[in-house]
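So the sequence lines, in the order shown, correspond to chains A and B.
Just so it is clear: in the first sequence, position 44 is 44 by the working numbering, and no numbers are missing.
Just so it is clear: in the second sequence, position 5 is 5 by the working numbering, and no numbers are missing.
Note that these hints are calculated values from the structure, not bench results.
Please note that a few of the clues may not be correct.
To be verified - To give an idea of the chain B side of the interface with chain A (calculated C-beta under 10 angstroms), a few residues:
id, residue
1, 41
2, 56
3, 104
Claimed, not checked - Below, simulated BS3-like cross-link-like pairs (lysine-lysine); rule was C-alpha separation at most 27 angstroms, straight line:
id, chain 1, residue 1, chain 2, residue 2
4, A, 81, B, 41
5, B, 15, B, 41
6, B, 15, B, 51
7, B, 54, B, 78
8, B, 41, B, 54
9, B, 44, A, 81
This one's a predicted model, so the numbers in the text were calculated from it and none came from an experiment.
Idealized CB from N, CA, C, for every residue including glycine.
The primary structure of each chain is shown beneath.
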Amino acid sequence: GQSLEQPSEVTAVEGAIVQINCTYQTSGFYGLSWYQQHDGGAPTFLSYNALDGLEETGRFSSFLSRSDSYGYLLLQELQMKDSASYFCALKRSYNTDKLIFGTGTRLQVFP
Amino acid sequence: EAGVTQFPSHSVIEKGQTVTLRCDPISGHDNLYWYRRVMGKEIKFLLHFVKESKQDESGMPNNRFLAERTGGTYSTLKVQPAELEDSGVYFCASGGQGGEQYFGPGTRLTVT
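Next comes chain A alone, as it looks inside the complex (with noise of 0.2 angstroms):
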């Protein structure tokens, strides 16, 4: 089977950085997404990598090493409207668009 692992919670002030990271198992692979949750709306994508490295997408980068089955989502710039909740979503195979979520990550900003 797939299992992805994030921690639970994450908290930070505004303007600081943080990283939330997603360990997955997996019997095949293709690509890691990053999707945003707020509370009672829908996830909205931010990220996605196929190969191994760093793709940055404004104050949103996410990180990819297939050797370590691991990735990270990075955020800078903190605002409090990033207080969500994050996943990291596997791809197995090119054949299949299905998504594997992983647990996801709630976020906290304070001021």
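With chain A's structure known, arrange chain B on it following the hints.
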């Protein structure tokens, strides 16, 4: 461009009743997915349509769940008869290339 829409936003039904959830994907998206999140747990895949065909229904929990996508546009997910453990938030998503899926706001289903 309109996003993924879902109806209803909330549904409260009694055990044994039937509920039908609807999803309208982004116009032109052939790929449509259903997921659900049961309280406190991760978002889990239910099934995937490509146009009107079921590409992958490996996540459907049992035969009380029936999904359709007639004409390859909107999709419905029927639960009949509903059980207590079916309570949760049901998400629909469309798109799919490169791991990017566009999610709807979800339908919160409560079975009492």
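| query | Can you list which hints this structure breaks, lowest number first? | reply | Checked against the structure, the only hint that fails is number 6, while the rest are satisfied.
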